[in-house]
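A.B. asks: One letter stands for each residue in the lines below.
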Amino acid sequence: MAGKTLYDKLWDDHLVKQRDDGSALIYIDRHLLHEVTSPQAFEGLRLAGRKPWRLDANLATPDHNVPTTDRARGVEGIVDPVSRIQVETLDSNCDEFGILEFKIMDQRQGIVHVIGPEQGATLPGMSIVCGDSHTSTHGAFGCLAHGIGTSEVEHVLATQCLVQQKMKNMLVKVNGKLGPGVTGKDVVLAIIGRIGTAGGTGYAIEFGGEAIRDLSMEARMTICNMSIEAGARVGMVAVDQTTIDYVKDRPFAPKGEMRERAIEYWKTLHSDDDASFDKVVELEGSEIMPQVSWGTSPEMVAGVGGHVPDPEAETDPIKREGIVRALRYMGLKPNMPITEIRLDRVFIGSCTNSRIEDLREAAAVVKGRKVSPLLKQAMVVPGSGLVKVQAEQEGLDRIFLEAGLEWRDPGCSMCLAMNADKLGQGEHCASTSNRNFEGRQGFGGRTHLVSPAMAAAAAINGHFVDVREMMN
Amino acid sequence: MRALKQHRGIVAPMDRSNVDTDMIIPKQFLKSIKRTGFGPNLFDELRYLDEGKPDQDSSQRPINPDFVLNQDRYKNASVLLARRNFGCGSSREHAPWALEDFGFRVIIAPSFADIFYNNCFKNGLLPIVLEEETVDQLFQEAEKEEGYQLAIDLEAKTVTTPSGETFAFEVDDFRRHCLLNGLDDIGVTLEDAEVIKAYEASRRETAPWLFGAGG
Chain A
63 MAGKTLYDKL WDDHLVKQRD DGSALIYIDR HLLHEVTSPQ AFEGLRLAGR KPWRLDANLA
123 TPDHNVPTTD RARGVEGIVD PVSRIQVETL DSNCDEFGIL EFKIMDQRQG IVHVIGPEQG
183 ATLPGMSIVC GDSHTSTHGA FGCLAHGIGT SEVEHVLATQ CLVQQKMKNM LVKVNGKLGP
243 GVTGKDVVLA IIGRIGTAGG TGYAIEFGGE AIRDLSMEAR MTICNMSIEA GARVGMVAVD
303 QTTIDYVKDR PFAPKGEMRE RAIEYWKTLH SDDDASFDKV VELEGSEIMP QVSWGTSPEM
363 VAGVGGHVPD PEAETDPIKR EGIVRALRYM GLKPNMPITE IRLDRVFIGS CTNSRIEDLR
423 EAAAVVKGRK VSPLLKQAMV VPGSGLVKVQ AEQEGLDRIF LEAGLEWRDP GCSMCLAMNA
483 DKLGQGEHCA STSNRNFEGR QGFGGRTHLV SPAMAAAAAI NGHFVDVREM MN
Chain B
6 MRALKQHRGI VAPMDRSNVD TDMIIPKQFL KSIKRTGFGP NLFDELRYLD EGKPDQDSSQ
66 RPINPDFVLN QDRYKNASVL LARRNFGCGS SREHAPWALE DFGFRVIIAP SFADIFYNNC
126 FKNGLLPIVL EEETVDQLFQ EAEKEEGYQL AIDLEAKTVT TPSGETFAFE VDDFRRHCLL
186 NGLDDIGVTL EDAEVIKAYE ASRRETAPWL FGAGG
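Protein sequence lines correspond, in order, to chains A and B.
So in the numbering used here, spot 181 of the first sequence is number 243, and the numbers just go up one at a time.
So in the numbering used here, spot 179 of the second sequence is number 184, and the numbers just go up one at a time.
Rather than coming from a laboratory, the hints here were simulated on the basis of the structure.
Among these hints, one or two may not hold up.
Unchecked claim - Restricting the straight-line Cα-Cα distance to at most 25 Å, the calculated cross-link-like pairs of lysine-lysine (PhoX-like) are: (1) A:Lys113 x A:Lys165; (2) A:Lys230 x A:Lys79; (3) B:Lys149 x A:Lys113; (4) A:Lys381 x B:Lys149; (5) A:Lys228 x A:Lys79; (6) B:Lys39 x B:Lys58; (7) A:Lys228 x B:Lys149; (8) A:Lys395 x A:Lys438; (9) A:Lys228 x A:Lys66; (10) A:Lys228 x B:Lys80; (11) B:Lys39 x A:Lys165; (12) B:Lys58 x A:Lys113; (13) A:Lys228 x A:Lys329; (14) A:Lys341 x A:Lys235; (15) A:Lys79 x A:Lys66; (16) A:Lys66 x A:Lys230; (17) B:Lys149 x A:Lys79; (18) A:Lys66 x A:Lys395; (19) A:Lys71 x B:Lys149; (20) A:Lys71 x A:Lys341; (21) A:Lys341 x A:Lys381; (22) A:Lys381 x A:Lys395; (23) A:Lys66 x A:Lys341; (24) B:Lys80 x A:Lys230; (25) A:Lys113 x A:Lys239; (26) A:Lys228 x A:Lys341; (27) B:Lys202 x B:Lys10.
From a predicted model like this one, the values you see are computed outputs, not experimental measurements.
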């Protein structure tokens, strides 16, 4: 019998019941909640007279709507009344049902996918869900983690289970070493560029190969975070010593003898040598360049030394039409060099790239330099209150402020512009977030997805440059 | 949830691939704490020429006459014909809520994003995958003939054109069963409460570090 993939093992370990109709009940170890996709689920519980199945599996925090300035007044300080009601509703729901919540004034508040790992609420081998598609982030810990809709949020609250069909297995292998200045973000954008925005639909992706093994946990999180941008709900990396070291001593993580016992299990969380995958994609790490998205889908990316494509060169009529539409929306001309794209704003943050290593990477580029006067704004939004504190202890805030970037409070911010942070119509933004869809960062806004280092380099120059030319 | 067994309705062809959930319902409308009322803001940025705001009377806004749902012939459409990878992006269930609130019951496309596909079934909305060539054919027919309707039979798993041509589609048995009967799947799962408790008890033994609050 062939060996098991990591996904097979996680599936088997969480299988509560296989039903005759092909569906299965899967047990959920950790459920993360935020204010946008939970209110209707709590309302559903109330209407049906149901209670949460297991309180200690849940952890909540407001992140999508919270302002990133003037936080001293807490919820009262949220100017938009509709946003404020949503945050207040999360608070009252968590209070009513007894769910642990890091509220807006709690230093542990932050983007839900940043605080899970930070707290050790994300542990290897867990099944983790959240009403947010970027829940795939937690797969970096060898977890079965994916986004769910609000009906499923209610289902998990009420039953601690989800009804699922098993996905297919895909291995994305990045061989060899990455070049200097090439980051996890560039790797995942290159992967999406290769397999396309629907390339992973129906699959659980495992990222492997030497280049992935060499990456830090935070870089692995960046890669798994964007699995959904390749269509895969689940993205995973096998557990290794890097994983085990990262979770050590975190508040929710096991300690002492319990940790030793857990480690024994965690070490089994990798695909067997003889496991078979339904699909395998390989990339050479040394060939990956810093990436910039030019279009309105995350698959529309190019190396920074490349050009905006010419739709005439595309043979698939549906794709050609997509390119024409994207270039019209983005206000770009076919064949123009990526480095000639001028920028209005820079955003460093989001669940993809707002952890301490991301901020260090950006700070290293802007240190001793000044933001281009061509820009209207460049902002840094740390992923959590604790990331913010650590960055300030390391003096990163001073580096950003002296260079002319804004230093904000934690939240999702301009990644999806549900709070006050947004692009104006027609503005181009170098953004470390995950989606460049039309209107994502503001009505008529034009998003270019890049790594924190590339965003920092763009902030200094007012247009894209190859960050490697600025590194000494 | 509303059951769906058979449905016949006017087809609106939306000729665009990779329609994402931000496009289906932009983020400013996700601030609602209700499940209803999203219909007027379905495809907001494509449908209107101005920037939409929550709690606004959309009937007074300038509309984009080129957008398919603004054409008189498609105003009462209940079957959306779409292209590849429909519903990609965020997990927001507000997307199927908005489609359902507008009046759609069925969406036909060559492929759907996973989370969106799953969310549809929870809301009485049937996503149907057909071959790309078939979808091409339906686009041509729907654009050519005003009032073009399709008949969908979930029991028989078929889509039938006005000329009587029939296409079969696949849907897994559990989702089909729930949609045919309008079942609340929490109720179905709770029938297995004892099985869940037994699993949980064994997991407490094998992975005790996963239980008990941290912090």
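A.B. asks: Sort out whether lysine 79 of chain A lies within 25 Å of lysine 149 of chain B, counting only the CA atoms.
C.D. replies: Violated. Lysine 149 of chain B to lysine 79 of chain A sits at ~49 Å, over the 25 Å cutoff.
A.B. asks: Can the restraint linking lysine 228 of chain A and lysine 80 of chain B be considered satisfied, given a maximum Cα separation of 25 Å?
C.D. replies: violated (38 Å)
A.B. asks: Does lysine 58 of chain B sit within 25 Å of lysine 39 of chain B, going by the straight-line distance between their CA atoms?
C.D. replies: The hint holds at about 16 Å.
A.B. asks: Would you mind confirming whether the straight-line C-alpha gap from lysine 66 of chain A to lysine 230 of chain A stays at or under 25 Å?
C.D. replies: The given pair, whose Cα atoms are some 12 Å apart, holds under the 25 Å limit.
A.B. asks: Run the distance test for lysine 66 of chain A versus lysine 395 of chain A: straight-line Cα separation, threshold 25 Å.
C.D. replies: violated (48 Å)
A.B. asks: Hey, lysine 228 of chain A versus lysine 329 of chain A, does the alpha-carbon distance stay inside 25 Å?
C.D. replies: holds (23 Å)
A.B. asks: Just to be careful, I want the Cα atoms of lysine 341 of chain A and lysine 235 of chain A compared with a cutoff of 25 Å; is the pair within it?
C.D. replies: With a Cα-Cα distance of about 11 Å, the restraint between lysine 341 of chain A and lysine 235 of chain A holds, given a limit of 25 Å.
A.B. asks: Taking 25 Å as the top limit, are the C-alpha atoms of lysine 149 of chain B and lysine 113 of chain A close enough?
C.D. replies: violated (53 Å)
A.B. asks: Would you mind confirming whether the straight-line C-alpha gap from lysine 341 of chain A to lysine 381 of chain A stays at or under 25 Å?
C.D. replies: Judged against 25 Å, a Cα distance of about 23 Å means the pair holds.
A.B. asks: Given the hinted pair lysine 202 of chain B and lysine 10 of chain B, is their Cα-Cα distance within 25 Å?
C.D. replies: violated (34 Å)
A.B. asks: Checking one constraint from the list: CA of lysine 39 of chain B to CA of lysine 165 of chain A, max 25 Å. Satisfied?
C.D. replies: holds (22 Å)
A.B. asks: Has the given pair, lysine 71 of chain A with lysine 149 of chain B, been kept, meaning a C-alpha gap of at most 25 Å?
C.D. replies: Between lysine 71 of chain A and lysine 149 of chain B the Cα gap is close to 51 Å, so the pair fails against 25 Å, i.e. violated.
When held up to the earlier numbered hints, the structure conflicts with 3, 7, 10, 12, 17, 18, 19, 24, 25, 27 and fits the remainder.
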